[in-house]
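K.L.:
Add chains R, W and E to chain H, keeping to what the hints say.
There are 4 protein chains.
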Amino acid sequence: MLFCKVKTPGLAHVAYVLGRKGEAIVVDPRRDTDEYVALARAEGLRVRYVLETHRQEDFVMGSGELAKKLGAKVVTLDHPLFGHSDIKLADGEEIELAGVRIKALHTPGHTPESTCYAVYLDDSKAAWGVFSGDTLFIGETGRTDLPDREKTGENAALLYDAVRAKLGPLGDQAILWPAHASGSVCGGNIAERDDSTLGFERTYNPVFTEGRDAFIARKVRERIPRPPYFRTMEVWNLEGGRALAKQPGAVPVLAAKDFASEMKQGLVIDTREPEAFAAGHIPGSVNVWLDGLPVFAGWLATESTRVYLVLPRPDDLDEALKHLARVGIDAVEGTLASGFEGWRDAGMPLAMGDTIAPRELEASLDGHVVLDVRDDQEFEQEGHIPNARHLYVGYLDEHLDRIRKHLEGKATVAVTCNVGHRSGLALSLLERHGIRGVKNLLGGMTAWRKLKLPLEKGTAGSVTTPDVEGERR
Amino acid sequence: MLFCKVKTPGLAHVAYVLGRKGEAIVVDPRRDTDEYVALARAEGLRVRYVLETHRQEDFVMGSGELAKKLGAKVVTLDHPLFGHSDIKLADGEEIELAGVRIKALHTPGHTPESTCYAVYLDDSKAAWGVFSGDTLFIGETGRTDLPDREKTGENAALLYDAVRAKLGPLGDQAILWPAHASGSVCGGNIAERDDSTLGFERTYNPVFTEGRDAFIARKVRERIPRPPYFRTMEVWNLEGGRALAKQPGAVPVLAAKDFASEMKQGLVIDTREPEAFAAGHIPGSVNVWLDGLPVFAGWLATESTRVYLVLPRPDDLDEALKHLARVGIDAVEGTLASGFEGWRDAGMPLAMGDTIAPRELEASLDGHVVLDVRDDQEFEQEGHIPNARHLYVGYLDEHLDRIRKHLEGKATVAVTCNVGHRSGLALSLLERHGIRGVKNLLGGMTAWRKLKLPLEKGTAGSVTTPDVEGERR
Amino acid sequence: MLFCKVKTPGLAHVAYVLGRKGEAIVVDPRRDTDEYVALARAEGLRVRYVLETHRQEDFVMGSGELAKKLGAKVVTLDHPLFGHSDIKLADGEEIELAGVRIKALHTPGHTPESTCYAVYLDDSKAAWGVFSGDTLFIGETGRTDLPDREKTGENAALLYDAVRAKLGPLGDQAILWPAHASGSVCGGNIAERDDSTLGFERTYNPVFTEGRDAFIARKVRERIPRPPYFRTMEVWNLEGGRALAKQPGAVPVLAAKDFASEMKQGLVIDTREPEAFAAGHIPGSVNVWLDGLPVFAGWLATESTRVYLVLPRPDDLDEALKHLARVGIDAVEGTLASGFEGWRDAGMPLAMGDTIAPRELEASLDGHVVLDVRDDQEFEQEGHIPNARHLYVGYLDEHLDRIRKHLEGKATVAVTCNVGHRSGLALSLLERHGIRGVKNLLGGMTAWRKLKLPLEKGTAGSVTTPDVEGERR
Amino acid sequence: MLFCKVKTPGLAHVAYVLGRKGEAIVVDPRRDTDEYVALARAEGLRVRYVLETHRQEDFVMGSGELAKKLGAKVVTLDHPLFGHSDIKLADGEEIELAGVRIKALHTPGHTPESTCYAVYLDDSKAAWGVFSGDTLFIGETGRTDLPDREKTGENAALLYDAVRAKLGPLGDQAILWPAHASGSVCGGNIAERDDSTLGFERTYNPVFTEGRDAFIARKVRERIPRPPYFRTMEVWNLEGGRALAKQPGAVPVLAAKDFASEMKQGLVIDTREPEAFAAGHIPGSVNVWLDGLPVFAGWLATESTRVYLVLPRPDDLDEALKHLARVGIDAVEGTLASGFEGWRDAGMPLAMGDTIAPRELEASLDGHVVLDVRDDQEFEQEGHIPNARHLYVGYLDEHLDRIRKHLEGKATVAVTCNVGHRSGLALSLLERHGIRGVKNLLGGMTAWRKLKLPLEKGTAGSVTTPDVEGERR
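Chains as they are written, first to last, in the working numbering: chain H, 1 to 473; chain R, 1 to 473; chain W, 1 to 473; chain E, 1 to 473.
Just chain H, with the same shape it has in the complex:
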């Protein structure tokens, strides 16, 4: 038997390949499916079924393409949001493959069509495990605000009831195989562990330990950013996703001058680490570290944005292209020859940001406006630098006027996040809009806390105005 988890870095997504006796099932494949195919092929397995737990919002699915090229069937619950599937199961209905029985369990809440699949082996009565999609994560449940922010509570109630009615009875022994691991934007506090069982979840997962009302109330309070590209994913995935648009390698390498001229038509993304970016970069470029591409490129670019890449190393191109393609960004039109070095050595125009160490910032807090760009929950619950302003990095672009007002007359802005990546992006966005001299706090709040420097909790002192909050939701 083959059982593999295939993780997608950045998205913290997990797909599964389950094979036995020459046949295989793939669960929730992403757009680029080579890795699944290679795993099955190495074991001599024919992919028969492609299962979807729900219409994914955070990446382009590969179900349709995978099924088409390998002659497999897409299997889902019978629900309108799974419009394209080949086999539509009723709630509680089973399919069987090589002695592996898979029972569809309708568990709405995260989304209306959300489905879990309990897995039984041969004639076993106890479930071996469950593909729990975005319904039940390790230590967490799926967010319930996506279908309709106004109905977050109702959906939380649906999810709570579904988990308890459909998954609980599977038994403590059942292994949990969710669609996301820690780091995903599909759930707030997914545990860092990748392995769990229903029995282990029962001891500490809030959906099992909290009462119904407390659970709903907590979900209603949850505020997880929702990147704009989610809308596109929903449209594409209704059709089973899309095939990859670009063949590997099909990106011109542009020398500094050509790059300078062509980049005017699009967006320059510099994927170096924030320190390197701060010390010198192309004016107007935005800074998204390599593994941050799947999450943050979707805030900055759409399907039609022409993207120009500055890469740490030439052979990072393939990874960058995959990261972008997975969130529907295909129009990568060029990569800078020899990366930033090529630009620098050609005597091209340069911009600089700055960095600051925690102790240095603490000693000069009066001279700085601190802008904290973590999400609302991190800012409010994990503590922040006293008197820091707050706005999630994803919303910076649309609230520049408000930010400018806050910074008025102040000498310098210091940006911070958890360790420095998102603040690096913030630095680049501010600078792009003419706000100079921004400093990135090295090590962010992680280092700040390690040094036991002063912290403040709660929304008090936060400077995103009520209006901003209002618009945002």
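Wrong hints could be hidden among the right ones.
[What the hints assert, rightly or not] Here are the simulated DSBU-like cross-link-like pairs (lysine-lysine), alpha carbons at most 30 angstroms apart as the crow flies:
no., chain 1, residue 1, chain 2, residue 2
1, W, K69, H, K246
2, R, K257, E, K257
3, H, K257, W, K68
4, H, K73, W, K5
5, R, K68, E, K257
6, H, K69, W, K264
7, W, K73, E, K450
8, H, K68, W, K68
9, R, K103, R, K125
10, W, K21, W, K5
11, H, K69, H, K103
12, R, K73, R, K88
13, R, K322, R, K246
14, R, K88, R, K103
15, E, K5, E, K103
16, R, K69, E, K69
17, W, K69, H, K68
18, H, K103, W, K257
19, W, K21, H, K322
20, R, K73, E, K246
21, W, K7, W, K246
22, R, K257, E, K69
23, W, K322, W, K73
Keep in mind the hints are simulated off the structure, nothing from the lab.
P.N.:
Positioned in the frame of chain H, the structure of chains R, W and E alone reads:
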């Protein structure tokens, strides 16, 4: 958190790397430890502890060397058979690393020192999982005949009691992390699944479903081959195993003539598939397919045997060397330039075996002596060709006289096993001792069964004489 | 400066990537261009020009696609057979890139449009080297029979004159960069060396050492096989070749039964080594070893043939697909799950060939018809087994009746070639047409010669009848 | 035939593997020999001879170890500086391997024992090519100051005469295979091309185009830095080099705190790019980019220096270890877990440098002391920033007092080199000695020239005092 299973092909061994907050534990490392080190390094983890569940018999451990080169400590139960360890835990004692608590549970039976380690996270009361060594496998328990064949029953009783007293109480939710997966010689019927929980085992693992007496009786009946190299492993592993002896690449490539001259001092192992071997090979060479090396080389060679390799492809050398080194065979003195092709094209002497298809054999059973070289359990329980003779491939060399007697006057020998690999080895061993015209049954008993050709069960009709049985045990 | 030779195994084709100061040229790219692109990218080079030395006959070119995806220009001589190019140079005209000057030299003979490109650096007067296409190889010249077999002599005269008038004057110091290395079907006796200079060629290459008449006479006598797929290549390459049709991985893995049912619609190619094939294979399958695919698949399949693959190892698929795509065979519709093992273990029907050692054949020549399937030159000039029949493997299929007649009443056929690969293909073709019991001579004529067994030279004794010769040309 | 160039990045060293008919020669192997062995093995070649062109000064040779592990012979000229070799050839004497004839040509000048090897194939009279060691490079000759700075002229004369007497007569057609390519410290102006012939060299290499006196005078003027580790290499290589000391992976990954405590016993090398380093680094660490390790680590560390590495990515460790081992630095005692990020996020002490863009520096030259750390030739001949001070980066450490004096009272130091790598090292060295606020000129003199900013030539204005010069030589 990092949690990785690292499987060793051929040996079906599983080691584990568990890391958190910059620190890592490795459980039951094999001799070549690069893979563990790379996994930890990629996540920025320092290896602090190396755990041993028992003194492994089927491969050389890497604990001592790994700990030495990375400055880690070897952790075991406090027991004389763990003589070399740095930290010796009492039964029930815990160590802690980055919030991961590991409790030693003495579970003798497979071997006297066998230890399981229950794993708890932070302040959880329920166990997350258990490193169950060779005590509890998925669907099976460790063999109990190794310390003393005469005390198989007593050891089975110890094991039964230990599993129920020490592991059962950990709860259904606990994940099972054994030291071997399906295919190992350390347990008879390990399930093909690699994932299970104590709760799932409780529903079908004989140690939980059988009564004590039935369990003991079954273990006493179990007859699993015991390769001679186990003795060496036990000696080496008492000291924590041994470092690798050979640097990669340090094997001369020998042209056919040089190979022919040097091979006289040692053993030629041809690692091609059995069909290719049958159609032409070096006279006197033995045929062990690549992934079969860790299991079968230990029947043929010892630490001091000079080994000469015929490889399917030049870059299989590294894998072959690893396979051999893991079972303590280091003296690989040459590899044949361009493999069998190099020999063939040089006009060197050739030997041939033969192959036969199942239907063809069935149609001519009268003209053949069928020699079935699977192990006793396979032969007796899974059915065999009517009137087949039986001797496990590992014992062929020592019972050649007896085999010759059985073959006397018969036109041809057909060898078979499960699919054709072990029978390929048998063919080569027979031929090496002058028994010509041996045919390998293509697809072995697997194809035979698929074709629903006649089968016989039981030991009746088996031709290993009582004496052979007697000597063997 | 970057200067790379990129060889294509099997085809013995060589493409070149030449880069400097951020810009690159690719010469004679094959259909799959990733390797060229990656080389240029690693050095920060933008591909500006794609040069063609001639309209290749033996593989699909990648010029058009490469230029399109990277925004480069295709550069050729101004000649109708280069219909698709972007920049058309007059004979003697130069283009320049980053100080590298490239001068087109019209050198017809191999084909009417054949062009060499002399390369000069900066203001050097002496040529640094020359891309000599299929005009001048190392130790050889391009075949001159392709445009019109009747005009082989005229074309040889053209080539002889062009080499002496256009290449000779470049000087002894000039490095030679031809489009093919040893093993190509585009030239008869290309040297095994890959490095040479015009000066070194002058000392021993027949085009320099022979007189004009002797040279022409020799070329007229040359008989190199011409695979049928050449016609398709000529058509495709007139348009600059074609983009790859298939994404990697897009081939279903078929279990034995499915494979058996689907293979009826197409051709099964078994790419194992001939020994393995002989000892057991799918009835009706043809045997072409992996690296032989680009040369021999083109004799057996066309663009529209549905191909089913039996591979030695699962991860050989990508290489096999590339080999086939390079000669225009895209319709690979399935690969056998677990290769031959999967078929064998499923109890599916089996066919067997046989192998024979040289000494054994020599001792029983009377009982065998020896069929030598090397090409005419090898058979006639390198010597063959006394009384052997001869027919080039590529023509077996069309002359089966004649072969059958020669074999009539004889017990057994032994096939041979240089070492056993082409004879393995011959064995499979004969067997497919109902000729059983064929034996492949292990080590072929190479081993036979090493053993100093009796040889015969010349066409006398050859059994391809005059009619066969007539039809063939 | 196999003929491969194996380049060593950083050292710009080239070794060669030449194989034919089952046998191979390796020329000038470096310490880690796996790559040569794998190349030979893939072609089924047995390494028979290991040739040395001279006792290398800039890296540890692998001849002795390679010969020992593969049973080959080390072949050299018969000269005391080749004390360890197995076969000692007289000047003009040949060895032969598989029809490849290799003739030793004593060509002293670079070093007393320097030898070239002319290569002839079979019965050819013209040389195919020549392994020219450090005697004749492409466009350059080996430096002649190493044996004795006082005898640079005499050695230049020896070299001039040897090249003309021994190499010239080999003929224009002979291909040149030198031991170094562009970028080596073994020659001043090696051409960027990697391919040449004696004929092509004759048209522009000064040793052929200059008169004897002019050549000698030019060599005497040449001032190429001589790293201190050369002395160790000379000692080790007299014995044929040394085997690798460390197994891959044998370096502990140290968390920030452990790293901080252990690093006090040694040298911290941060191998990130200079921009990233400038924006934040460990106080006291030195900055040598990854490919700069083989050249610059030898200025900073010796065999006994305990080295601690800060790496851009975890899997750069193997490359870094190889780079260091090749120049005899084996004592790498730790690598920082998660690199600089791990340090930063732990709130550890930080130091910062600064960067400056060319136009910005030009606009504020008055406020800066420019320190140019290129070598003497670059500074003097390629032009420098008006009024720049100059000291080669390798000598910074020993002349800190003098530098301090020059900087006295000045606001800021700007460091520059060709593009910014060596100046990054300089920045780290200055800072380590308490000189703060140093700025690295982005793009160095390359960008400066591209922007056509003012330049000065010659030594005038240079601020290394005569005393410094005197001490240095």
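K.L.:
For every hint, state whether the structure bears it out.
P.N.:
The hints, checked one at a time:
1. A threshold of 30 angstroms between alpha carbons decides the hint, and for K69 of chain W with K246 of chain H the separation of about 10 angstroms falls inside it, so the pair holds.
2. This hinted pair does not check out: K257 of chain R and K257 of chain E have alpha carbons roughly 59 angstroms apart, beyond 30 angstroms.
3. At most 30 angstroms may separate the alpha-carbon atoms for a hinted pair to count; K257 of chain H and K68 of chain W meet this at roughly 21 angstroms.
4. A C-alpha spacing of about 44 angstroms is found between K73 of chain H and K5 of chain W, which places the hinted pair above 30 angstroms, so the restraint is violated.
5. For the proposed pair K68 of chain R and K257 of chain E, the alpha carbon gap of about 21 angstroms is at most 30 angstroms, so the pair holds.
6. About 20 angstroms separates the Cα atoms of K69 of chain H and K264 of chain W, which keeps this hinted pair within 30 angstroms; it holds.
7. Between K73 of chain W and K450 of chain E, the direct Cα distance comes to roughly 28 angstroms. Compliance with the 30 angstroms bound is thereby established for this hinted pair.
8. The suggested pairing of K68 of chain H with K68 of chain W holds, with an alpha-carbon distance near 28 angstroms, which does not exceed 30 angstroms.
9. Between K103 of chain R and K125 of chain R, the direct Cα distance comes to roughly 12 angstroms. Compliance with the 30 angstroms bound is thereby established for this hinted pair.
10. With a C-alpha separation of about 19 angstroms, the suggested pairing of K21 of chain W with K5 of chain W holds against the 30 angstroms cut-off.
11. In summary, the hint linking K69 of chain H to K103 of chain H is supported, as the alpha carbons are separated by about 26 angstroms, within the 30 angstroms threshold.
12. Taking the CA atoms of K73 of chain R and K88 of chain R, the gap is near 10 angstroms; set against the 30 angstroms cutoff, the hint holds.
13. A hinted pair counts as satisfied when its Cα atoms are at most 30 angstroms apart, and K322 of chain R with K246 of chain R qualifies at roughly 10 angstroms.
14. At most 30 angstroms may separate the alpha-carbon atoms for a hinted pair to count; K88 of chain R and K103 of chain R meet this at roughly 12 angstroms.
15. Between K5 of chain E and K103 of chain E the alpha-carbon distance is near 20 angstroms, which keeps this suggested pair within the 30 angstroms criterion.
16. A threshold of 30 angstroms between alpha carbons decides the hint, and for K69 of chain R with K69 of chain E the separation of about 24 angstroms falls inside it, so the pair holds.
17. Restraint check for K69 of chain W and K68 of chain H: the C-alpha separation of about 26 angstroms stays at or below 30 angstroms, so the hint holds.
18. The straight-line distance between the Cα atoms of K103 of chain H and K257 of chain W is roughly 27 angstroms, inside the 30 angstroms bound, and the hint therefore holds.
19. The hinted pair formed by K21 of chain W and K322 of chain H meets the criterion: a straight-line CA distance of about 29 angstroms does not exceed 30 angstroms.
20. A hinted pair counts as satisfied when its Cα atoms are at most 30 angstroms apart, and K73 of chain R with K246 of chain E qualifies at roughly 20 angstroms.
21. About 22 angstroms separates the Cα atoms of K7 of chain W and K246 of chain W, which keeps this hinted pair within 30 angstroms; it holds.
22. With a CA separation close to 20 angstroms, the supplied pair K257 of chain R and K69 of chain E stays within the 30 angstroms bound.
23. Taken as a hint, the K322 of chain W and K73 of chain W pair is honoured in the structure, with Cα atoms around 25 angstroms apart against an allowance of 30 angstroms.
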